[in-house]
Amino acid sequence: MNSDTNGSTLIEKLLIGKAEWAEYRLSAAGQKDDALDFSEADLDAADLADRDLSRADFFSASLAQANLKMCDLGGADFGSAKLTKASLYKCNLRGTIFQESDLSQADLSHSDCENADFRGANLTNTNFEGANLKNARFVSANLTNASFRAAVLDGIDCRHSTFEKVDLTLSSFGGYSTMTGKFTGIRGIESCYGNAVFVRDVKDQDYIDTFKQSIEALPNGFKKSLELLMFRAWGLIDHGRSLAKVSLYAVILATIYGLVYLADMSFGWEMMDYSNSAQTWFTPFYYSLVTYTTLGYGDVTANSLIGEMLVISEVVIGYFTLGLLLSILANTIARRS
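Under the numbering used here, the first residue of the sequence shown carries the number 49, and numbering increases by one thereafter.
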């Protein structure tokens, strides 16, 4: 820790008081990064509440039981720091780095932790109640017994983290659309409580991500290309989780076939025989729907080889998509955590 020209250390300036620190920050504006260098400093039990410590360097510093309530710590670096039982209530922690730090039993409740980096951190018994954790990174972190009660968990990255006995009561997470690739190898999720929907979606995403990794690990060749193609096609329906998307695709496909039948009837291509039908503008779409659902009333029939092939293709596609619809519908209605 460097001293200034008056021999007073930076730590003394920090500890003397909030007003004095604010004055120092103002005077140090635009100076080199050493003006905020607290790396390896001993600040155990220090009262640093309501200070502007944004972009400060606390690498490997010791802040056990320190009072950092309502501080601006945006962009600060607490890498490998000791923050056990520290209070960071209502802090600005946007983009703050806590990589490999010890935050066990720390209080980060109601703090803004958007884009914060907790990779490899010890977060056992840490309190994140009411915190904004949008896009925070918890890769390989230990979150055993942590509290995420009423926290915002949209886009959190928990790959290979330990997530045992975490309180998820009233937490929100934005749905599975924000989970892709962010829960591979997560451990202990089955023991979490308070948000069964989150637990179920995390388990689903872990399976999907692991399955994708197994495909990517295959040797290059036709089989790998085919498996990747099928996996991407599966992704078009959110890997079997989206009833709305399958329904939309079914409507689009039935409409496309209806337009082909309409063109046939309008331009006299004679692929189909409409003589026993009502022959209105809606007849092609009516026929497309009953064919797609394999009802096949018989008032419109194929009148050529192309017509027969067209009808068969729609029946096959209809069987497939309706089977998907029924499968997803049954799984959704009967779903349990």
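Hints in this document: simulated from the structure, not taken from any laboratory. The reader is advised that the hints may include incorrect statements.
[Claimed, not checked] Under the rule of at most 20 angstroms between Cα atoms (straight-line distance), these lysine to aspartate or glutamate pairs were calculated in the DMTMM-like manner:
1) K271 - D254
2) K61 - D98
3) K66 - D98
4) K260 - E275
5) K213 - E264
6) K133 - E68
Structure-based check of each hint:
1. Our distance criterion of 20 angstroms between C-alpha atoms is broken by K271 and D254, whose separation comes to about 23 angstroms.
2. Our distance criterion of 20 angstroms between C-alpha atoms is met by K61 and D98, whose separation comes to about 15 angstroms.
3. At most 20 angstroms may separate the alpha-carbon atoms for a hinted pair to count; K66 and D98 meet this at roughly 7 angstroms.
4. A hinted pair counts as satisfied when its Cα atoms are at most 20 angstroms apart, and K260 with E275 qualifies at roughly 9 angstroms.
5. Using a Cα cut-off of 20 angstroms, the hinted pair K213 and E264 is violated, with the two alpha carbons roughly 32 angstroms apart.
6. Taken as a hint, the K133 and E68 pair is broken in the structure, with Cα atoms around 26 angstroms apart against an allowance of 20 angstroms.
In terms of the numbered hints stated before, the structure departs from hints 1, 5 and 6, listed from lowest to highest.
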